[in-house]
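Chain V is already provided as a structure; the job is to place chain P on it using the hints.
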Amino acid sequence: MPGIIRLLNRAYHSSLNSYTMVFFSKNHLLGLLLILVSFIDVWSGLAGLLSVAVANAVAWGLGLNRKNILSGFYGFNPLLTGLGLGIAFDPTWQFYLFLVAVALSTLFITLAFEGLLTKYGLPYLTFPFLISIWIAVLAARNYASLIPAESGIYTMNAMYERGGPLMVRIYQWFGEMEWPLFIKTYFRSLGAIFFQSGLFAGILVAAGLLISSRISFLLSILGYVSAWLFYLLIGASMNELNYSFIGFNHILTAIAIGGFFMVASRWSFLWVILVTPIISIITGAFTLLLEPVQLPVYSLPFNLMVLLFLYAMKFRDRMLLKPEAVVVQYYSPEKNLYIGSNARERFRGKGQLPVSLPFFGTWKVSQGHNGQHTHKEEWRHAWDFVVTDEQDREFEGEGLALRDYHCFDKPVTAPADGWIEEVVDHIDDNPVGEVNIRQNWGNTIVIRHSEWLYSKLSHLKKGSVKTTQGSFVKKGQVLAACGNSGRSPYPHLHFQMQSTPHIGSPTLPYPIDQYLIDAETPVLKLYDFPETDQMVGNLPGEPALSHAFGFKPGQTIRASEDENKLAEETWKVMTDMYKNLFIEDESSGARAYFVTDGRLFFFSHFEGRRIGMLYLFYLAAYKIPLTYVRNLSIRDTYPPSSFAASPMLILQDFVAPFFLFIRPVFKLETGKREDDLDGSTLSLHTSCEPGIGIWNAPSYRFRIQLGRNRIQTLEINSGKNSFTIRFNDYA
Amino acid sequence: MDKNHYDRPLITRIEAGMPGKFGLRSELPPTTHIDGQPVAELIKTYGSPLFVFSEQTIRSIYRKALKAFTTRYPKVQFAWSYKTNYLSSICNIFHQEGAWAEVVSGFEYEKALENGVDPRKIIFNGPGKTHEELVKATENGSLIHIDHLDELYTLIEVAESTERKPRVAIRINMDTGIYPMWDRFGFNYENGQAWDALNKIMYSGKLELMGLHTHIGTFIMTANAYAVAATKMVELARALKQKFNFQVKYIDMGGGFASRNTLKGSYLPGSDTNPSFDEYAEAISSALINSHFTPDDLPLLILETGRALIDEAGYILTSVIANKRLSAGRRATIVDAGVNLLFTSFWYQHQVTVAQGVSQYREDTTLYGPLCMNIDCIRESINLPVLNPGDHLVIHHTGAYNVTQWMQFITFRPNVILIDGTGETHLIREKEGRESVSGKELLPGHLKNIRE
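First to last, the protein sequences are chains V and P. Counting from 261, one number per residue, gives the positions in the first sequence under this note's numbering. Counting from 93, one number per residue, gives the positions in the second sequence under this note's numbering.
Rather than coming from a laboratory, the hints here were simulated on the basis of the structure. Fair warning: there could be bad hints in the mix.
To be verified - Computed from the model, here is a short list of chain V residues facing chain P with C-beta under 10 angstroms:
1) Trp623
2) Gly797
3) Asp935
4) Asp936
Stated by the list, open to error - Examples of chain V residues lying across from chain P (beta carbon under 8 angstroms, computed):
5) Leu555
6) Phe619
7) Phe620
8) Lys670
9) Pro800
A virtual CB, placed ideally from N, CA and C, is assigned to each residue, including glycine.
Isolated chain V, as found in the complex (with noise of 0.2 angstroms):
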């Protein structure tokens, strides 16, 4: 009965994910564990449990995005009402029936709270369940059958009667145990989160957040202590009133802001420490004011210190790093922080229209961004390109007419695909050595490439534009000619990037997409500024890697090991919803994630089981530039995540906000390619070094054969063992 076991599963992953979005995981130990902690009061959880089936199971049947709801994303809100009610409301039927609208009320409340919030980037974290919660109780007040459980004020009471003289003696165990206040209070904390006010509860939940994040438990810690020192300093006690109730404010807006929204960093725990005391303003004040009222304030702190600083962050021109906030979320602060650190080296052109240079050949720069002649200030991001020979000189014999001038009248051509925005094709080239500041960007080509980035070319030989306002040019199209108009004294090409269409607007800083510096050892540049005197020129892809490494959607791929020492597998090419690419291995359902721009391809993540040929092909493959250069070498660091957990990694997760220990290095030489006009056939040598500590994980060779336009061998060598993978059927 597949539908019946697809519905189980459904629901599973749904509700387990409802209990850990709560500290903002996807980790299903911690999941059960939260569950369990609820059941502590079988009636409370069981209301949790009714309320988050309730919402998810509405949300479902109302056509909502299935995975917000299997991520859980509709139901932790319903969870902490129901295990809030539970809590305060004895097991009548007419509970249940309140709880039942409560929780509908709650999804409707969290749906009008994602529409609102969302169009900020915000989240809407409990927020919903604040609301939901204060409306439930006060409403209760007014309905007779809803009776306030005692299970708050005759604790043992209640213990008893759920949970036998076993509850009650391992109740008392706990209660007696001489403690210091300071760590009870911490567990008490964690409890109450759940609405437990138990240490066993507590030290549960502490123990789940370990497993889950080492980041998340150092920071819930972190969040306390500062609380604590806070409340010290301030002159009151974290132990008294209610505070340990409300002292979970500190520790979720701890984990939220130190490692789930920002990236874990010394910047990221600072602000934990900073934001410590606007939390208790935050909690002193509201407590006063809800007081006449007879609410609690729960979790109000913490959701308005979240929402404060995450939209204060996005205000920020400069010191975007300090602290980074996450782009993509992997629901682990160590995931975000380690695929993340890289992230911005690794992803520097993404989202980002790939702009080539604008001629054919090896050019040079004259004249870089901040150049020392004319590009300064608004325009201090353009480029002056000439031609030179082997002499370094820019011109044949003397250099006074334009014709001496090796740019002199050589094509020039279009960056990146566009519509042409302006055409000036009739001011004339000076003679050499003369300029004309009237006219001073001469003739000119501006392209529309999108809104908002345009192109513009300059001091364009007189007559020589190919094209007219408003037609389509494709990426390296000629266009014109490279001339002497305008404040030119002598030839050379004026290239910028600029965000608005006019003719002298200011420059852009906008890399181009991949570029050679022609040098002793050619260099590979990608998303880069080619700078003042090196020689540049654009470095046609390889179709062979193109090919290759196209995987397109809907490939199947069969990997087979020559001595059956590996399982085959059978890959297949599959894109999500958000368009993410991955190769997915049927059997075991892992996933390697890649990115590819037609310049390079890269593997962005590997989730699954880390044994197995796709994982091999991951670590293998992990970036490859699909261009072909002698002797290129490149490296690039692999997630310490990448790799099997191991006690040096878990230590790594505890210092990785400070300092990383573990850098797996990846190495990538082209080896001898045998070009032809068929298509060549090339290797590429490829390493992993774990590093010290991940002792688990052999170093490895590897050796990837093309030919053909495809990938034809993958040759491993791990020191003890040696495999080759044979890439069948792909097409």
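Quick look at chain P alone, frame taken from chain V:
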């Protein structure tokens, strides 16, 4: 201290002030050194006459030519024309620079393989390929340029017996507006032969069409001819695309670029009148770029330039054997390098300079070679300083064709040396001896003894 050069007495008419029919008298400075090496020393070490090649010049001209094209067109490939100069050292300099090989005979094909050229980067041209050569080229995956229909039929036959499909292009001849029009090689464009041959190839299904090739002639003095040729090639490519949805991988524009040499009968020196690489490149790449091809599918442009790449890098060093006066009183000088070594003197007025400092006096001279043959004349009329037997002369721009078309007539071929980038000299072809001329002779028994 060296003894001063002896200048024999000389009577010349004073022609002060006014330029003559040939402009002002040109006085070229003596060429005492080549790439820093003293000419006299080279002759002393390697003998006279002597062929000298400059590696530095070869590389620098190659790079200049390549740059002229690569700054105008995205995909450019040179193929070194073996027939222009197939000394292995010379070929390998070009191969090191990245050039493929263009060969026109089985011998040249073998030579290219021996030089280590990837067989898939050998272009096999020429009208006279044998069946065996075609089989070998096919199996090696070389690019075979078909010259005539009979070769096409042979290749279809070959294709039936080989595992690989022959990779072919056809050679096309056409009217590019210049005289003479070369129509003996390949298929004609205007009368439809070329299109016909392409159809035969496409319909046969036995051959893998790779590209189109033309070679419009040699020493072409106008770049525009190439623009016309390229346009016609593009037309054929477009027709293939339209009819067969077939994209040619390359367009080979052949060779024929003029070098800096001056043709006989020219009014002005070749270095002033012959088009530069830039002009040829502009003509060809504009024609290709302004065609139906989109930037992404522009075909590879192959150039088989020979002469223009090597001519300037070659010198012949020679020595004066004797001076004499002809019947009409004209001065003549006999040197030890003749048309046997300087085949190109039949169509060029080679520049000749003296190799040592001399007086300001010059005399109109005829330069003869050492052969006992009336046609052995290097320059009919040249202004040279007075020379004594044993003086050295340098003949310029002799790199193309001379070491492949040189004649073995009554004497041996001399040493050929290469001066590398650091100024060091290398003997790259040893002078011949009696063995190299008569070694292969066989003497029937009854002719062995000529005395009773």
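How the hints compare with the structure:
Taking 10 angstroms as the C-beta cut-off, the interface hint given for Trp623(V) holds, the closest approach to chain P being about 7 angstroms. The beta carbon of Gly797(V) comes within 8 angstroms of a beta carbon in chain P, closer than 10 angstroms, and the hint placing it at the interface holds. At a threshold of 10 angstroms, the smallest CB-CB gap from Asp935(V) to chain P is about 9 angstroms, leaving the interface hint in force. At about 5 angstroms, the closest approach between the beta carbon of Asp936(V) and any beta carbon in chain P falls short of 10 angstroms, and the interface hint on this residue holds.
Checking Leu555(V) against chain P by beta carbon gives a least distance of about 67 angstroms; that is not within 8 angstroms, so the hint is violated. A distance limit of 8 angstroms between C-beta atoms decides the matter here; for Phe619(V) the minimum to chain P is near 7 angstroms, and the interface restraint holds. Interface restraint check for Phe620(V): the shortest CB-CB distance to chain P comes to about 5 angstroms, inside 8 angstroms, so the restraint holds. The beta carbon of Lys670(V) comes within 5 angstroms of a beta carbon in chain P, closer than 8 angstroms, and the hint placing it at the interface holds.
Interface hint status for Pro800(V): upheld, as the beta-carbon distance to the closest one in chain P is roughly 7 angstroms, under 8 angstroms.
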